[in-house]
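K.L.:
Fit chain S to the known structure of chain L by using the hints.
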Amino acid sequence: MTDELLPGWLREVELSPGSQRQEAIAAAAKGVASKATAEATLDMVLLAHGVPQEDAFSQLTAAISAEDATFGGRIDDLETMIAASACVAEIMERKRVEPSAGAALAVLSAQWIGLTPPVADLPLLAQETLDIRAEAQRSRASLAVSLDLESARSSLPSFEAVQQVAPDDVSASFTVVFDALVEVKKSLERLGRAAANRVEASDEELDILWWAFSGHSERLGRPWGKVSQASAAILLGLEFVELVRYPVAPASARPILARLLGARANSDGTIAAAVKAAGKFVLDDLTEHRHMLLPVLTSIEEYRGFEGKESWRDSVERWAIQPDQTTTHLDLAEQTVREMLLAQRLS
Amino acid sequence: MTAEPPALDGAQDEPDAGTSSEAANDEANHGAAGEPEARPALWTSNAALDWAEARRLSSRHGLGVVLFLGEVGTGKTTLLVELWTDLLLNGVLGDVGFVGSASAMAFEERSFESRIESDQPQGETVRTYEEDDGFLHLHVQSGDGSPRQLLLADVTGEHFRSVREGQDLQDELVWAGRVDRFVVLVDGEMLARAEEREVAMTRSSRLLFALRKPGLVAQTARLAVAVTKDDTRSDEQRADARLHEDSLHALAREIDPTAPLLRIAARPDDGRQAWGLDSLVEWMCWPGRPVAQRVAASPHRPRAMARFRL
Numbered sequence: 056m057t058d059e060l061l062p063g064w065l066r067e068v069e070l071s072p073g074s075q076r077q078e079a080i081a082a083a084a085k086g087v088a089s090k091a092t093a094e095a096t097l098d099m100v101l102l103a104h105g106v107p108q109e110d111a112f113s114q115l116t117a118a119i120s121a122e123d124a125t126f127g128g129r130i131d132d133l134e135t136m137i138a139a140s141a142c143v144a145e146i147m148e149r150k151r152v153e154p155s156a157g158a159a160l161a162v163l164s165a166q167w168i169g170l171t172p173p174v175a176d177l178p179l180l181a182q183e184t185l186d187i188r189a190e191a192q193r194s195r196a197s198l199a200v201s202l203d204l205e206s207a208r209s210s211l212p213s214f215e216a217v218q219q220v221a222p223d224d225v226s227a228s229f230t231v232v233f234d235a236l237v238e239v240k241k242s243l244e245r246l247g248r249a250a251a252n253r254v255e256a257s258d259e260e261l262d263i264l265w266w267a268f269s270g271h272s273e274r275l276g277r278p279w280g281k282v283s284q285a286s287a288a289i290l291l292g293l294e295f296v297e298l299v300r301y302p303v304a305p306a307s308a309r310p311i312l313a314r315l316l317g318a319r320a321n322s323d324g325t326i327a328a329a330v331k332a333a334g335k336f337v338l339d340d341l342t343e344h345r346h347m348l349l350p351v352l353t354s355i356e357e358y359r360g361f362e363g364k365e366s367w368r369d370s371v372e373r374w375a376i377q378p379d380q381t382t383t384h385l386d387l388a389e390q391t392v393r394e395m396l397l398a399q400r401l402s
Numbered sequence: 247m248t249a250e251p252p253a254l255d256g257a258q259d260e261p262d263a264g265t266s267s268e269a270a271n272d273e274a275n276h277g278a279a280g281e282p283e284a285r286p287a288l289w290t291s292n293a294a295l296d297w298a299e300a301r302r303l304s305s306r307h308g309l310g311v312v313l314f315l316g317e318v319g320t321g322k323t324t325l326l327v328e329l330w331t332d333l334l335l336n337g338v339l340g341d342v343g344f345v346g347s348a349s350a351m352a353f354e355e356r357s358f359e360s361r362i363e364s365d366q367p368q369g370e371t372v373r374t375y376e377e378d379d380g381f382l383h384l385h386v387q388s389g390d391g392s393p394r395q396l397l398l399a400d401v402t403g404e405h406f407r408s409v410r411e412g413q414d415l416q417d418e419l420v421w422a423g424r425v426d427r428f429v430v431l432v433d434g435e436m437l438a439r440a441e442e443r444e445v446a447m448t449r450s451s452r453l454l455f456a457l458r459k460p461g462l463v464a465q466t467a468r469l470a471v472a473v474t475k476d477d478t479r480s481d482e483q484r485a486d487a488r489l490h491e492d493s494l495h496a497l498a499r500e501i502d503p504t505a506p507l508l509r510i511a512a513r514p515d516d517g518r519q520a521w522g523l524d525s526l527v528e529w530m531c532w533p534g535r536p537v538a539q540r541v542a543a544s545p546h547r548p549r550a551m552a553r554f555r556l
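Going line by line, the protein sequences match chains L and S. Using this note's numbering, the letters of the first sequence map in sequence onto residues 56 to 402. Using this note's numbering, the letters of the second sequence map in sequence onto residues 247 to 556.
Wrong hints could be hidden among the right ones.
To be verified - Among the chain S residues that face chain L by a calculated CB cut under 7 Å, a handful are:
no.	residue
1	Arg301
2	Ser304
3	Ser305
4	His307
5	Gly308
6	Trp421
7	Pro536
8	Arg540
9	Ala543
10	Met551
11	Arg555
12	Leu556
Unchecked claim - Beta-carbon label-pair distances, calculated as ranges:
no.	chain 1	residue 1	chain 2	residue 2	range
13	S	His307	L	Leu338	22 to 30 Å
14	S	Leu556	L	Asp234	50 to 58 Å
15	S	Ala542	L	Glu343	30 to 38 Å
Keep in mind that the hints were calculated from the coordinates and are not lab data. Fair warning: this is a prediction, and the values are worked out from it, not measured in the lab. The beta carbon of each residue, even a glycine, is placed where N, CA and C say it ideally should be.
Next up, chain L with everything else stripped away, as it sits in the complex:
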């Protein structure tokens, strides 16, 4: 997908479509993606959105220069941002869920805080990645076992011929039997994993549905309708994510949160108001990480660290977080879920 989209992304900076530079960026993006760590991915996402990140820029420059020695871009060049976007897109395409999901969550987090990438496709790709991952992880895979032992059986001597079998042939027969048992073991293990995943997905589904159906906050011990508007969004997000058993939230997270928020879903609030209202109900550390792409969690942890004093607002500005950022309560709840999952990737 990235290979198909890259020429269009590079059009505004590339004067020779299909040039060596384009190939270099494509190759560099794959190389960076293959070695991506959770922390480095966050930095690359920020670089793609025009927020200078020295380490990510150095990594990107080295990767491109290895393919095209003429590359000499600056950290805030449009071409740099596009190349970083290509890296992020490649990370999202990786088969392994860990860097892929983290990259997608980070892109949507960047969008939430108001950053706009020059590559307009990036948020769409991120949402697609999460949708696909959410379903793939919870898929109801077939539990049928398919095992062919006929070839093993046919290579064994018949009962009547056993006594005429030479010692070397007996050893070979044992090997055939052993190999067949190994295949049986592998099949049972695959079956076991598929069954375990089905049960895990079902358990998650049941937990979420019963929690949502109850309409009650387990943390506060009261109906969500009786939880203050200011605190409901964050607390809903925190309780929801405790029930998620996979690196990516279910696709129906947003409508479930919206149903529990009710009429408050589309009303506006600020991060600061929500943090002050919900912070006192957060008794455990949510994360040790502080990051521009974790504005809600960072704000809560700083609020708790300063014991509710207003200094927390100045503190979070170290990460360019705006406590007075306005958001709908539904978006805030969804962002809380997103950040918790992202923070788990970092840990």
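P.N.:
What follows is chain S alone, placed relative to chain L:
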């Protein structure tokens, strides 16, 4: 999605009644009230940009590439010169503001014979030869306040004669697929004369046919037809040429449905104020043609919970 800019359907401001060239020169030097007027400073002293320099600029900000297509004498370089002069002297052309240029000296070199210091008050623009092919850079601010970096190709008309004779445009200009704004020039002076009208039409229509090659004009690129030397035509001659202009316009709209028809007098012989340049530069600053937005691919969702919606 960006709203479609207002159509430019060829409606032009009526040319001024006309002032003497001497008075026009005096006004350019001293301002309308005859007071001395400071000229804006040149930004850089670089010559025309070569490919590597242009690439460096595009890496920084992204660039819109503009190509005027027309054979020798249709007025390509004159258009570039007069756009530059107007922007430099007035700071604004239409609703487009001038910010700077990385090739100011190249603009000046091309326009020096048309300066008031020249012995020829009407001025002539030096013909471009292939060895002088290059790019001229303009940094402007469009009407909505957004900055635009433009790379104006100044290439010899010989390229387009070759295209008329059957050569592929991308073989002549390898970067043609990268152009964001194609402006097909029609020589208005030739169009005005009955005996030369068909020649002008053939030359311009062949260029338009060449642009129909699949994949050459990008989905986001725009195309315009510009009738140059409009000051050499009388109203009657304009009326006579209308059907021909309309057919070229229709041909252009097959490639770009938003293509406008512009009538331009970049340097009127009789010293009248130029017209059409503001429409041209405003059009150059339009955003690219919108393309259909990708819709997020939605995976198959066999589980009812995954299909849950409010």
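K.L.:
Now look at each hint and say whether the structure bears it out.
P.N.:
Hint-by-hint comparison with the structure:
1. Arg301: At about 5 Å, which falls below the 7 Å cut-off, the nearest Cβ of chain L leaves the hint on Arg301 (chain S) intact, so it holds.
2. Ser304: Interface hint status for Ser304 (chain S): holds (5 Å vs cutoff 7 Å).
3. Ser305: holds, 4 Å
4. His307: holds, 6 Å
5. Gly308: This interface hint holds because 4 Å falls under the 7 Å limit.
6. Trp421: holds, 6 Å
7. Pro536: violated, 12 Å
8. Arg540: holds, 6 Å
9. Ala543: Constraint on Ala543 (chain S) satisfied, holds at 5 Å.
10. Met551: OK, holds: Met551 (chain S) within 7 Å of chain L, min 5 Å.
11. Arg555: holds, 5 Å
12. Leu556: holds, 5 Å
13. S:His307 - L:Leu338: 22 to 30 Å: Given range 22 to 30 Å: violated, Cβ gap about 50 Å.
14. S:Leu556 - L:Asp234: 50 to 58 Å: Hint holds: Cβ distance 54 Å, inside 50 to 58 Å.
15. S:Ala542 - L:Glu343: 30 to 38 Å: Given about 33 Å between the Cβ atoms, the range holds.
Of the numbered hints stated above, those contradicted by the structure are hints 7, 13, listed in ascending order.
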